[in-house]
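All chains, please: the whole structure from these sequences, using the hints.
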Amino acid sequence: EAQVTQNPRYLITVTGKKLTVTCSQNMNHEYMSWYRQDPGLGLRQIYYSMNVEVTDKGDVPEGYKVSRKEKRNFPLILESPSPNQTSLYFCASSSVFTGGEDYGYTFGSGTRLTVV
Amino acid sequence: TQLLEQSPQFLSIQEGENLTVYCNSSSVFSSLQWYRQEPGEGPVLLVTVVTGGEVKKLKRLTFQFGDARKDSSLHITAAQPGDTGLYLCAGVDNDYKLSFGAGTTVTVRA
Numbered sequence: 001e002a003q004v005t006q007n008p009r010y011l012i013t014v015t016g017k018k019l020t021v022t023c024s025q026n027m028n029h030e031y032m033s034w035y036r037q038d039p040g041l042g043l044r045q046i047y048y049s050m051n052v053e054v055t056d057k058g059d060v061p062e063g064y065k066v067s068r069k070e071k072r073n074f075p076l077i078l079e080s081p082s083p084n085q086t087s088l089y090f091c092a093s094s095s096v097f098t099g100g101e102d103y104g105y106t107f108g109s110g111t112r113l114t115v116v
Numbered sequence: 001t002q003l004l005e006q007s008p009q010f011l012s013i014q015e016g017e018n019l020t021v022y023c024n025s026s027s028v029f030s031s032l033q034w035y036r037q038e039p040g041e042g043p044v045l046l047v048t049v050v051t052g053g054e055v056k057k058l059k060r061l062t063f064q065f066g067d068a069r070k071d072s073s074l075h076i077t078a079a080q081p082g083d084t085g086l087y088l089c090a091g092v093d094n095d096y097k098l099s100f101g102a103g104t105t106v107t108v109r110a
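Order-wise, the sequence lines are chains A and B. For the first sequence, position 63 matches number 63 in my numbering, and the numbering has no gaps at all. For the second sequence, position 73 matches number 73 in my numbering, and the numbering has no gaps at all.
If you are wondering where the hints come from, they were derived from the structure by calculation, not from laboratory data. Possibly wrong hints are sitting among the right ones.
[What the hints assert, rightly or not] Computed cross-link-like contacts, DSBU-like style, restricted to lysine-lysine with a CA-CA straight-line distance of at most 30 Å:
1) B:Lys70 with A:Lys57
2) A:Lys57 with A:Lys17
3) A:Lys71 with A:Lys57
4) A:Lys71 with B:Lys97
Structure below.
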């Protein structure tokens with residue numbers, strides 16, 4: 001089954017304790033992205049990657065790191081989490097847009113992170 | 001400030017009624033997508049519209065892309081409780097970046 005897998009689904013951590021949220025896709029997609037979703041603000045892009053070893057900042061990158069060493073994996077790293085990073089996080093992937101009407105993102109099921 | 005403005009923010013209707021959700025922007029997009037998100041899950045793609053003026057139908061859902069490719073609407077005919085969810089529009093720019101609206105929460109009462 002084509003899917004994006006995120007782990008963990010739920011995470012409670014303390015301020016300053018480094019954590020990694022993993023994301024893996026099995027569709028051989030070039031493009032991967034991380035979003036955070038907050039009430040009233042919708043989905044905001046944190047980082048994205050156009051391909052292996054190519055990453056770039058999205059709209060809200062502060063406090064986050066990513067890496068893309070393999071095509072299928074795109075982990076999100078919080079070096080020193082703070083309470084304002086409490087949010088619902090989604091990883092997404094897609095093929096490169098070629099103008100087709102079947103273009104779209106596949107999202108993971110989300111990671112609910114609480115930083116206390 | 002959201003690049004894409006969705007309205008209304010909340011919509012509660014009775015089963016069998018029709019509804020329309022709007023998505024507006026001052027930016028031009030190469031394509032526009034609609035997603036539905038259910039509680040505890042990620043957004044799921046409903047449709048991608050590419051051509052200005054395009055109308056797409058997906059059973060009881062009708063999607064329209066504005067002529068200038070800056071706005072879109074989603075119309076649901078004879079809504080059912082299974083249509084309940086958060087509806088998100090997203091514009092795709094030339095760098096494949098998706099910009100999302102804040103979403104419209106639709107509740108269909110049985």
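Taking the hints in turn, this is what the structure says about them:
1. B:Lys70 with A:Lys57: Distance of about 24 Å is within 30 Å: holds.
2. A:Lys57 with A:Lys17: holds, 23 Å
3. A:Lys71 with A:Lys57: With Cα atoms ~18 Å apart, Lys71 (chain A) and Lys57 (chain A) stay inside 30 Å; holds.
4. A:Lys71 with B:Lys97: Distance ~18 Å between Lys71 (chain A) and Lys97 (chain B) Cα, so the pair holds.
This entry satisfies every hint, going by the numbered hints stated previously.
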